[in-house]
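One-letter residues, chain by chain:
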Amino acid sequence: KNQVEQSPQSLIILEGKNCTLQCNYTVSPFSNLRWYKQDTGRGPVSLTIMTFSENTKSNGRYTATLDADTKQSSLHITASQLSDSASYICVVSLNYGGATNKLIFGTGTLLAVQP
Amino acid sequence: DVKVTQSSRYLVKRTGEKVFLECVQDMDHENMFWYRQDPGLGLRLIYFSYDVKMKEKGDIPEGYSVSREKKERFSLILESASTNQTSMYLCASSGGRYNEQFFGPGTRLTVL
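Taken in sequence, the protein lines are chains A and B.
Heads up: the first sequence is residues 110 to 224, going by this note's numbering.
Heads up: the second sequence is residues 304 to 415, going by this note's numbering.
Under 10 Å between C-beta atoms, here's a sample of chain A residues computed to sit facing chain B:
#1 Q118
#2 R143
#3 R151
#4 P153
#5 S155
#6 S202
#7 L212
#8 F214
#9 G215
#10 G217
If you are wondering where the hints come from, they were derived from the structure by calculation, not from laboratory data.
Fair warning: this is a prediction, and the values are worked out from it, not measured in the lab.
All C-beta atoms, glycine included, are put in the ideal place defined by N, C-alpha and C.
Generate the whole structure from the sequences, applying the supplied hints.
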């Protein structure tokens, strides 16, 4: 069964600290893995996309890693800010060929950054 | 920048009413999607469309229908709203190298 599992479910950290969010997946055939940030009451916004051959990608203070062998990804947030408080969703895209890929969504990690 | 807009941020309807949720994208994307998002369940695909007048069922199409008369516009229709359709509805369009999906701001629908 195609599944994406994220941990922890929720996390509280102090402003300025670093944190790492985890994503494990059992998805085949794999196309790419995406991390989205979703602010409360808003739509998800893409942070990174990684294909099978990429094992790290950065977007400012966000760094995503991918280990395709163990089917694990992590999102590391450096020097957290209050505005990082959001839900972070790991999404894996299946490759069936054709124009549209099927996406498998994790349920997200809810991050709260406190002053 | 890609922009996906949804007609309403918040909507309150009564059981049995017909509900239209509109979505418009400005990037000339072929593919458009409707999801619902519920706590603990993540995003679930309701319907998608890969071309004008074309539609495909997603994982949870029951109780919903869609319409795509123009490339930029994708509508979700609840023929007879029920309380279990209270949810956050997200529209997305996709394109580009990775077929990346760009989401709208969402519509929080409450059915009383």
